[in-house]
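Participant: Line by line, the protein sequences are chains X and P.
The number in my numbering is simply the position in the first sequence, starting from 1, with 1342 added.
The number in my numbering is simply the position in the second sequence, starting from 1, with 1342 added.
Simulated from the structure, these hints should not be mistaken for laboratory data.
Don't take every hint at face value.
Each pair may be met inside one copy or between any two copies, as identical chains are not told apart.
In silico DSS-like cross-links for lysine-lysine, where the CA-CA straight-line distance does not exceed 27 Å [said to hold, decoys possible]:
id, residue 1, residue 2
1, K1896, K1991
2, K1559, K1451
3, K1815, K1922
4, K1722, K1995
5, K1547, K1619
6, K1440, K1455
7, K1948, K1547
8, K1991, K1440
9, K1453, K1911
10, K1396, K1815
11, K1654, K1451
12, K1940, K1806
13, K1559, K1547
14, K1503, K1940
Residue strings, one per chain:
Number of protein chains: 2
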Amino acid sequence: MRILLFLCSLLFIHPVFGQTVTGFSEEGAAAQLELEKKFDNLLNPENLDVWMQKMAARPHYVGTDYGRQNAEWMAEQFRSWGYDARIETYQVLFPYPKLRLLEMTGPQKYKAKLSAVAVEGDGFTRQGKELLPSYNAFSADGDVEAELVFVNYGVPADYEKLEELGIDVKGKIVIAKYYGSWRGIKPKLAAEKGAIGCIIYSDPKDDGYYQGDVYPKGAFKNSTGVQRGSVMDMPTYPGDVLTPGYAATADAERLDRKDAPTITAIPVLPISYEDAKPLLEALQGPVAPENWRGALPVTYHIGPGPARVHLKLEFDWQLKPAHNVIAVMPGSELPDEWVIRGNHHDAWVHGASDPVSGMVALMEEARVVGELAKAGNRPKRTMIYCAWDAEEPGLIGSTEWVEDHMSELQEKTVIYVNTDGNSRGFLSAGGSHTLETMVNQVAESVTDPQTNVSVADRRKAALKVMGEDAEFKLSALGSGSDYTPFLQHAGITSLNIGFGGEGSGGEYHTIYDTYTHYKRFKDPDFSYGIALAKTTGRIVLRMANADVLPLTFKPWYRTVSTYLDEIMKLTDDMREKREKYNEMVESRAFELAADPTKPFVKPEIKPVVPYIDFSPVQNAMAALTVTIDSLAAVDMDAIPASKRTAVNKELQKLEQSLTNNKGLPRRPWYQHMIYAPGFYTGYGVKTLPGIREAVEQEEWKEAAEQIRVVAETLAQFNGSLQQILETARN
Amino acid sequence: MRILLFLCSLLFIHPVFGQTVTGFSEEGAAAQLELEKKFDNLLNPENLDVWMQKMAARPHYVGTDYGRQNAEWMAEQFRSWGYDARIETYQVLFPYPKLRLLEMTGPQKYKAKLSAVAVEGDGFTRQGKELLPSYNAFSADGDVEAELVFVNYGVPADYEKLEELGIDVKGKIVIAKYYGSWRGIKPKLAAEKGAIGCIIYSDPKDDGYYQGDVYPKGAFKNSTGVQRGSVMDMPTYPGDVLTPGYAATADAERLDRKDAPTITAIPVLPISYEDAKPLLEALQGPVAPENWRGALPVTYHIGPGPARVHLKLEFDWQLKPAHNVIAVMPGSELPDEWVIRGNHHDAWVHGASDPVSGMVALMEEARVVGELAKAGNRPKRTMIYCAWDAEEPGLIGSTEWVEDHMSELQEKTVIYVNTDGNSRGFLSAGGSHTLETMVNQVAESVTDPQTNVSVADRRKAALKVMGEDAEFKLSALGSGSDYTPFLQHAGITSLNIGFGGEGSGGEYHTIYDTYTHYKRFKDPDFSYGIALAKTTGRIVLRMANADVLPLTFKPWYRTVSTYLDEIMKLTDDMREKREKYNEMVESRAFELAADPTKPFVKPEIKPVVPYIDFSPVQNAMAALTVTIDSLAAVDMDAIPASKRTAVNKELQKLEQSLTNNKGLPRRPWYQHMIYAPGFYTGYGVKTLPGIREAVEQEEWKEAAEQIRVVAETLAQFNGSLQQILETARN
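Based on the provided sequences and hints, a complete structural model is requested.
Facilitator: Here's what the structure looks like:
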């Protein structure tokens, strides 16, 4: 495979000054590289610093006046840089916490403080009532009291362990650690298992003193910090809970709140480790398995009880305006081909890191694109810079906008490039694998500010040191930021780009995510903000100016093949594991190995894992190889100008042929057949999700159906590629 | 291999009532099984309970009056059971802590308490001054003050990490966690690296609330508990530090204390986690790597400093009498063939678990053997029951005794069977692999008290559940109990037997190892004490009565082959790892992956790992296969009585042909060429130690020499086996 790629690069990619720029003729590539040099020279880190100070000066969650002011100010900035900027507003349901009560009623009394302390040296943390109280958005209202059960991270494997121990959470309140999954999975699973309430806390092992010195001495979470966050069932659908699949315009028809399927079934509240400690200390019952234990100075027991807790939550459920800023610069040659670039602007509190660090890099990128345009280098395709509102409660601003403009976006968008919080460290990039070649070329051409090698080489060095395959690959996207509606709902070719890994801390979604914290621990000189602007700037400019859209198919094929291999191996591994398990049940190994003085539920024989027929997908992949090999033999950058429009149109729509308009089982909103957030992981991606999740859940009939659906989708994708091949050749 | 063994059992082992008893004719086996039934029926768990109460009533470390009383009382008991019991006393150097001072002198002051608290419900912990203060025996005297450095477990890999971080312990005092190696390795390595003092503490992650509820609520170590223990350099030689290789009789010539090589070079003191916390909290410098961090509620930093500590230790270095109890019952037919059985009787404090739980099982076994003898079933070979003194400070009682009687022991002993602390759970057995078949047969015939399957089957179920090969194998012995002088110095066929795994706790070498603790958390009804007596009782009775000593050679061969394979693979793995490492140094991967704001020492190219010639050992093993195959074709149990004496004499001496009288490099006391405690692991075994440690230390010349030595040793062993074959055949 590597040899083929190497040949491919020898034959068809035009090296200019040692660089290759797919999508351009040789002279076009030279001009583009010249443009990028100018672009780099105009970037100014001081802007990022000044803008962050402004935008993160006060809390600006959805519906706040400061959030609206930020949106208006950004629109003004975009206009001053030559964009046609407007604010598109949706009316979205947003719960504000009216009443939050958590108390232990026995065997000791304890009333949770539920508030993080202001710290020395960071005035932002002293803004009192303006700071949004800590809570989980889209928790149900509730008033419950019950015995407590510690459920580790509250993910499926944890409930399997509880079952082994004979512990049932029915009628109980669970306490789960943050991490291990996206937070919304915890109350979702707890409710499925019959729990009546859910507490989520940040254990110092994952997110506190175990990781490093705590704020304000160091960057990590102190004992009072609480991570806010949405628990909306985003794996079912993101966006406004009352308007699934369509825009939350002022006059839209809305679901009754009680019918909204993405609000949790049970009340859920996040707490600090200071508040969690007395609760965990009061639990008895079995000692938690070793990999469940955190870093609090207690013996972690599971319960249930004797700790009893009372959890009472009331929310003010109001429609709030979500203000998306949309800044357009029509393309000089191809105004109906859109390059969209976005980052959200709303934050849970000040959000210096999340999202402002990414937002200001986007703005600086847009400013320089504007400046270059003024100087005569207006992009050929239309540039649309977006600042999304209401991302934090559930990707709401971007989702409503995509739902609002769905068909036009599908018709015109050539790429959506997303960013979010940014920090010091290593480039990470995820998205449509047809873009892997282009992203690689970009990553090879941006210099890492700390080491003076390319950001690609720095990342590869890190992979090498970790003992991994030292290639720069795109990751698959799950969810957790605004690419989701573009990629997984609308089937738009998408990327998500960021730097990080050397700016770790515990500020995420807390009152400590401030400018002060960012300057001390994240990217003090904004050099990685600039590196981000250079990376995404190159990506959008290449996409905007390319003669032929720089999509390639070998990396896509290689990647999707590995997904299929993984699932086939998963099935075989499950089968082998199940056989061993059943043999051990039959030979009484579990019983004999168990300590008879400890709780033990005699395990039962489980159903065998059948052999399943993957051949429809294997055959579809085999057919794709042929087409992709033929495409690799065509020099796309050299096709005559007369054919480019047609080829580009087909390339522009290509990602959509990987979607199916029936969507995934039980979640029709998710239409992409290659990438989706996991139904039981949340942010974590599941690739070939229809098949993979059916296998994981042992739904063999559904697995067979989804194999057929994926095979059809791949055939459809093959059809599109054949069309491109035909157009390019004729 | 399995098929061969199976055939072998079909052909030559005599099943009686479904059991196989190697070493006996068919009728001899039947009689032996009948005897074992009687033996089982006479065992009484109440004796263990009553005797433990007596022996563990007061502290009884070496030199105490209570220790002497225990010895005399035991001798009396043995006499009452029909043994000829005597006390053999040696005069051994034993340091008693006169002055123990540990204080932090800056940046804050803290004076370590150095004492565990008495607890509710356990009167033994309230014996005040009688409780031996916590210390590490054979620490040097010293008075040092310096900055502190946290060194994780203080093992070689930890110093490699420190080197990567550019941290030097020269002139510093190190603080290391217990665990990760035998404790004596920590000051030994620290001193080699230039540290001037060493503190060892029990982190709650390994040994405290992280593991379970702490004493007295649960079994685990509370914040004040301190593990005592020897830090004598036992991997160089155990036993009295002043009389290396010869007995510490009253009039023996002794080294000057300053010349004793097994006393540490620097002062070392163990402390509780209560005392460690302020010291660790005061450290700055890099945050410790993730796998170094414990469960204290602090951010683990490495230092050096700013914490400075002052450590002052003075010991009263006196010769103390160590009283070994030796109880002999001459064999009815073969009085010059000895079966020796031992357990130590000295404890750091009360030692209910360590060693009394094993001691009382040995006594009950001896009592019943005596009773059976009185009833006409006197063992054919001589039985010698031993209760060793001064095991805790460094296997002193047993070592001096072996050194005292070396040539007679080598001439007469057919087996040494050791036990030590015992608890509830799973059988573990280690020792000479020529005994694996016999131990398996015994393990198949003893019933587990909790599950009613054989102790072998229960152990196999546990292995299966852990995903390991479910065969009951003997482990290789390193050090840590009294088998060491027998096996590794004198080359006597040896075993170490015990139950455990379900009685975990934090009492080891603390004031909490009491009868009260044992009854609550270890083996409350002494059923595993009885299971131990049944297991070791069968072993000694079979060895005592066998027609032909039940040694087999296929399991030995299979096991030693795996050791050789491991070392060859280790060498290849080291080579491959080194090549990768050097490539990463050359490609600057480490530099590029490192966070430039954190300490980083540019790594250097390291020497390549050469290919080495293992063929001498491979050829010696190949020659052994031939002999062992031939031996497997002989029915040893059926050889005529006239030949038995000669064959048994050769079998009795066989293990000695695995020794080399020059010993291991730099530690001539260790003469066994297959098993030794690791020079840098302490208790942890190194198999084929001469070769393995040379490879690990990259001493390639020494590796080649040791390959030659081991090949010669294996040839010597082959010669002995050929002699046996010849004698058996003629």
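Participant: Decide, hint by hint, whether the structure agrees.
Facilitator: Taking the hints in turn, this is what the structure says about them:
Only within a single protomer do K1896 and K1991 lie at most 27 Å apart by alpha-carbon distance; the minimum there is 20 Å, versus 74 Å between protomers. In this assembly of identical chains, K1559 and K1451 lie within 27 Å of each other by CA distance solely across copies; the values are 21 Å between and 32 Å within a copy. When the C-alpha separation of K1815 and K1922 is checked against a cutoff of 27 Å, the pair qualifies only between copies, where the shortest distance is 22 Å, while the shortest distance within a copy is 36 Å. Taking identical chains as interchangeable, the C-alpha atoms of K1722 and K1995 lie at most 27 Å apart only when both belong to the same chain, with a minimum of 19 Å there against 92 Å between chains.
Taking identical chains as interchangeable, the C-alpha atoms of K1547 and K1619 lie at most 27 Å apart whether they share a chain (13 Å) or sit on different chains (17 Å). For the homomeric pair K1440 and K1455, the shortest alpha-carbon distance inside one copy (15 Å) is at most 27 Å, but the shortest distance between copies (50 Å) is not. Taking the closest pair of Cα atoms, K1948 and K1547 never come within 27 Å of each other, the shortest separation being 35 Å inside a single copy and 36 Å across copies. Taking the closest pair of Cα atoms, K1991 and K1440 never come within 27 Å of each other, the shortest separation being 51 Å inside a single copy and 89 Å across copies.
When the C-alpha separation of K1453 and K1911 is checked against a cutoff of 27 Å, the pair qualifies neither within a copy, at 50 Å, nor between copies, at 59 Å. Taking identical chains as interchangeable, the C-alpha atoms of K1396 and K1815 are never at most 27 Å apart, the minima being 36 Å within one chain and 70 Å between chains. Proximity of K1654 and K1451 under a CA criterion of 27 Å is satisfied intra-copy only: 16 Å inside one chain copy versus 46 Å between copies. In this assembly of identical chains, the alpha carbons of K1940 and K1806 lie at most 27 Å apart only when taken from different copies (19 Å versus 44 Å within one copy).
For the homomeric pair K1559 and K1547, the shortest alpha-carbon distances inside one copy (17 Å) and between copies (25 Å) are both at most 27 Å. In this assembly of identical chains, K1503 and K1940 lie within 27 Å of each other by CA distance solely inside one copy; the values are 14 Å within and 40 Å between copies.
The earlier numbered hints that this structure contradicts are 7, 8, 9, 10.
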